[in-house]
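J.: Model the placement of chains Z, X and A on the given structure of chain H, informed by the hints.
4 protein chains.
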Amino acid sequence: MSQILDIDEISARLRAFADERDWNQFHSPKNLSMALNVEASELLEHFQWLTEQQSLSLTKDKLAQVETEIADVLIYLIRLSDILKVDLNLAVNSKMALNAQKYPSDKVYGSSKKYTEYE
Amino acid sequence: MSQILDIDEISARLRAFADERDWNQFHSPKNLSMALNVEASELLEHFQWLTEQQSLSLTKDKLAQVETEIADVLIYLIRLSDILKVDLNLAVNSKMALNAQKYPSDKVYGSSKKYTEYE
Amino acid sequence: MSQILDIDEISARLRAFADERDWNQFHSPKNLSMALNVEASELLEHFQWLTEQQSLSLTKDKLAQVETEIADVLIYLIRLSDILKVDLNLAVNSKMALNAQKYPSDKVYGSSKKYTEYE
Amino acid sequence: MSQILDIDEISARLRAFADERDWNQFHSPKNLSMALNVEASELLEHFQWLTEQQSLSLTKDKLAQVETEIADVLIYLIRLSDILKVDLNLAVNSKMALNAQKYPSDKVYGSSKKYTEYE
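Taken in order, these protein sequences are the chains called H, Z, X and A.
Going left to right, the first sequence walks through residues 1 to 119 as the working numbering numbers them.
Going left to right, the second sequence walks through residues 1 to 119 as the working numbering numbers them.
Going left to right, the third sequence walks through residues 1 to 119 as the working numbering numbers them.
Going left to right, the fourth sequence walks through residues 1 to 119 as the working numbering numbers them.
These aren't lab readings, by the way, just hints derived from the structure by calculation.
Since no wrong hints were added, every one of them can be taken at face value.
The list cannot tell twin chains apart, which means a pair is met if one copy fits it or any two copies do.
For lysine to aspartate or glutamate, the following EDC-like pairs were computed, each having C-alpha atoms within a straight-line distance of at most 20 Å:
hint: 1; residue 1: Lys-62; residue 2: Glu-45
hint: 2; residue 1: Lys-60; residue 2: Asp-87
hint: 3; residue 1: Lys-113; residue 2: Asp-22
hint: 4; residue 1: Lys-113; residue 2: Glu-52
hint: 5; residue 1: Lys-85; residue 2: Asp-19
hint: 6; residue 1: Lys-85; residue 2: Glu-9
hint: 7; residue 1: Lys-107; residue 2: Glu-117
hint: 8; residue 1: Lys-60; residue 2: Glu-45
hint: 9; residue 1: Lys-113; residue 2: Asp-61
hint: 10; residue 1: Lys-85; residue 2: Asp-8
hint: 11; residue 1: Lys-62; residue 2: Asp-87
hint: 12; residue 1: Lys-102; residue 2: Glu-117
hint: 13; residue 1: Lys-85; residue 2: Asp-6
hint: 14; residue 1: Lys-114; residue 2: Glu-45
hint: 15; residue 1: Lys-102; residue 2: Asp-22
hint: 16; residue 1: Lys-95; residue 2: Asp-19
hint: 17; residue 1: Lys-114; residue 2: Glu-42
hint: 18; residue 1: Lys-60; residue 2: Glu-42
hint: 19; residue 1: Lys-113; residue 2: Glu-20
hint: 20; residue 1: Lys-107; residue 2: Asp-22
Bound conformation, chain H alone (with noise of 0.2 Å):
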């Protein structure tokens, strides 16, 4: 079983869902990328004061927060793409080319530095 995300038909929801609210004069993206960042702190939040390795255990009621956080996060960045017509697999593709680029395995083979920190 194959996990897809219809991006359109997600889109499409949501194009509805701000329709029927009377809320695109509040979506310009430059208030999506804010609702965005909020919606990606609060995620962060659950994992704060975690070990790392308690961020691998979590109990299923936190999972459950978390997965929340999760979906607000994608929609809020579907909304932003769809109003800025951007295409996510391409979007994807193209950074995910670059970074094998920016970080040959060979070079950064376990290494966390930043591609620019590599003279």
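T.: Quick look at chains Z, X and A alone, frame taken from chain H:
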């Protein structure tokens, strides 16, 4: 033509990317939530001094940079969800159902108040 | 009347607060940087759907909430600086001197471009 | 020797800095809250792949970079507080009094739970 994200396929590529670089040691959910926030803020940075109106009509160059940041956020979101075994479709559908309940259109029409602000 | 922050005194109170609760175990710089970001985003949340104009004329209630978030950010910033032994005066003065160099007023007058965008 | 921040003096210098560059037009509280979040995330970035232990023993170079980001957060915090006429001493004292109430030491000793999680 429809925009579909094959989450399993992207997850598999991200897993291979991390494996080849011995980066799994860095990819705890805690760390990934931090990386996701860093990318979300790089997205925010593009909009910080723009008016809302300007954020709606980005130059081609600026839009290309914004797309890269959107891709980065999405990549970390998919990677985190893979590690936590979050079903993104389920998460999005549940959250959208919850939002419909929290924000009935007749009550919130044209208003951006948080649902906790409605009595 | 002058506004003075006695950083040493506040740091000492924050240290006592953590000691009394056995919270030093949680206050690694990594974790404190996360907590600071969470608070910074709670500040952001108050402004996300406001126009810039509206953000300049907050209601008394809203302003009180914003003040609380500003305090939270400052508290974590002072706590983090105490642990890392950062001299905040020195840090601010050095950064302001650097900013004066990076952004000469005749070059950036009326423009919000990042210094990397000036040739 | 005591560490004192003269907020009025720093505010005045930041005001002059913005005036000389005609930057007041960009410094709405909304935009400043965004800039503050961007800087807070640049601080976060330094810690994202470090263990908590590593974050406690930064190299001299890394610490210098972290100091710069701390300064950036503080600068935007002071600038925002100046524009909103927030008294930082009052704000910090009020919040610390509230925290003492929300987190009684006998109840939260050694625990990092959020106050809403205590019944």
